[in-house]
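Colleague: Sequence:
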Amino acid sequence: MNLRRTPWAGIAVATVVVAAVAVAGCITTGPEGPRLDHVELEGVAVEAEGVRLSMASATLEKDGTGTGEAVTGTRSSRAPLEIDAPRTNWDLKARSAVFEGGVTAKRGEFTLRCDTLTVTFAKGGKTDAVDLATAEGNVTISRDQRTATGERAELHGETGEVVLTGHPTLVEGSNRLTGEVVRLFLDDERISCEKCHLVIDGSAIGPRTQ
Numbered sequence: 739m740n741l742r743r744t745p746w747a748g749i750a751v752a753t754v755v756v757a758a759v760a761v762a763g764c765i766t767t768g769p770e771g772p773r774l775d776h777v778e779l780e781g782v783a784v785e786a787e788g789v790r791l792s793m794a795s796a797t798l799e800k801d802g803t804g805t806g807e808a809v810t811g812t813r814s815s816r817a818p819l820e821i822d823a824p825r826t827n828w829d830l831k832a833r834s835a836v837f838e839g840g841v842t843a844k845r846g847e848f849t850l851r852c853d854t855l856t857v858t859f860a861k862g863g864k865t866d867a868v869d870l871a872t873a874e875g876n877v878t879i880s881r882d883q884r885t886a887t888g889e890r891a892e893l894h895g896e897t898g899e900v901v902l903t904g905h906p907t908l909v910e911g912s913n914r915l916t917g918e919v920v921r922l923f924l925d926d927e928r929i930s931c932e933k934c935h936l937v938i939d940g941s942a943i944g945p946r947t948q
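Numbering-wise (the working numbering), the sequence shown opens with residue 739 and increments by one.
Be a bit skeptical, because a hint or two may be false.
Here are the simulated EDC-like cross-link-like pairs (lysine to aspartate or glutamate), alpha carbons at most 20 Å apart as the crow flies [what the hints assert, rightly or not]:
1) K844 - E899
2) K933 - E918
3) K844 - D822
4) K844 - D882
5) K844 - E896
6) K831 - D882
7) K844 - D925
8) K844 - E889
9) K844 - E874
10) K933 - E892
11) K844 - D926
12) K844 - E892
13) K933 - E896
14) K844 - E927
15) K861 - E892
16) K933 - E899
17) K844 - E807
18) K861 - E896
19) K861 - D829
20) K933 - E889
21) K844 - E820
For each label pair, taking beta carbons as the anchor points, the in silico distance ranges come out as [as the list claims (entries may be wrong)]:
22) E807 - N827: 54 to 64 Å
23) G781 - E899: 30 to 40 Å
24) A867 - T826: 14 to 24 Å
25) G875 - L936: 47 to 57 Å
26) C934 - E807: 50 to 60 Å
27) Q883 - A832: 33 to 43 Å
28) S880 - D939: 12 to 22 Å
29) L936 - E838: 27 to 37 Å
30) R928 - N876: 33 to 43 Å
31) E780 - V919: 26 to 36 Å
Note that these hints are calculated values from the structure, not bench results.
Beta carbons are placed, not taken as given, at the ideal position from N, Cα and C, and that holds for glycine.
Could you put the whole structure together from the sequences, leaning on the hints where they help?
Modeller: Structure follows, in structure tokens:
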């Protein structure tokens with residue numbers, strides 16, 4: 739993506755981060771107090787949802803729209819899913835594969851280990867996209883200092899959500915979370931739990947020693 743002049747506001751519905759070398763603006767005063775109506779920026783970088791735009795200069799209006807000069811952009815891709823297993827069987831017609839014998843699957847900072855992993859690929863559209871990956875037997879999912887275990891886990895390729903069932907347990911340090919269903923989200927720092935029970939280490943409660 740390399741454009742001379744392009745609108746850039748609205749490239750994402752989530753958080754947009756804007757950085758600039760120089761900023762100039764026009765402030766007006768109304769019934770609701772001072773308001774920034776027009777902003778001019780030089781040496782601009784805009785980041786939102788995996789998209790990064792760089793501009794020599796840009797303007798930002800009070801309604802949230804903006805225009806950039808000499809714009810270049812890049813889009814970062816999600817981390818790939820890498821699977822290692824002693825053996826695998828493929829059903830090309832059903833677009834599925836079964837990995838057996840002790841499986842390790844990695845995606846970014848997440849590592850999943852299990853006895854058997856069944857991967858189903860999406861039909862139509864992007865033909866190599868993973869629709870669903872189902873892990874069974876001695877399931878362990880780890881990321882940084884957190885480890886989750888259960889009997890079964892489903893990784894939904896489109897959303898990056900992992901649904902862990904079968905006495906799921908999430909451990910971080912000396913803290914332990916158990917429940918009926920634990921959901922992990924691969925692309926952000928979110929966890930949800932149904933019918934949860936949380937045990938917090940006693941040292942986290944009460945006066946702290948200096």
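Colleague: Each hint: holds or not?
Modeller: Going through the hints against the structure:
1. K844 - E899: 14 Å, holds
2. K933 - E918: Status holds; Cα separation ~6 Å.
3. K844 - D822: Since the Cα atoms of K844 and D822 sit roughly 9 Å apart, the hinted pair holds (cutoff 20 Å).
4. K844 - D882: 13 Å, holds
5. K844 - E896: 16 Å, holds
6. K831 - D882: Outside the cut-off at roughly 38 Å; violated.
7. K844 - D925: 13 Å, holds
8. K844 - E889: 18 Å, holds
9. K844 - E874: 16 Å, holds
10. K933 - E892: 19 Å, holds
11. K844 - D926: 16 Å, holds
12. K844 - E892: With Cα atoms ~14 Å apart, K844 and E892 stay inside 20 Å; holds.
13. K933 - E896: 26 Å, violated
14. K844 - E927: Holds, because 17 Å separates the two Cα atoms, which is no more than 20 Å.
15. K861 - E892: 18 Å, holds
16. K933 - E899: Roughly 19 Å between the alpha carbons, so the hint for K933 and E899 holds.
17. K844 - E807: 40 Å, violated
18. K861 - E896: 13 Å, holds
19. K861 - D829: 13 Å, holds
20. K933 - E889: 17 Å, holds
21. K844 - E820: 5 Å, holds
22. E807 - N827: 54 to 64 Å: For E807 and N827 the Cβ distance comes to about 55 Å; the hint holds.
23. G781 - E899: 30 to 40 Å: Holds - the Cβ-Cβ distance for G781 and E899, about 38 Å, lies within 30 to 40 Å.
24. A867 - T826: 14 to 24 Å: Given a distance of about 18 Å, which is inside 14 to 24 Å, the answer is holds.
25. G875 - L936: 47 to 57 Å: Given range 47 to 57 Å: violated, Cβ gap about 26 Å.
26. C934 - E807: 50 to 60 Å: 51 Å, holds
27. Q883 - A832: 33 to 43 Å: With Cβ atoms ~38 Å apart, the hint holds.
28. S880 - D939: 12 to 22 Å: 20 Å, holds
29. L936 - E838: 27 to 37 Å: Taking Cβ atoms as reference, L936 and E838 lie about 35 Å apart, which means the hint holds.
30. R928 - N876: 33 to 43 Å: Given about 25 Å between the Cβ atoms, the range is violated.
31. E780 - V919: 26 to 36 Å: 50 Å, violated
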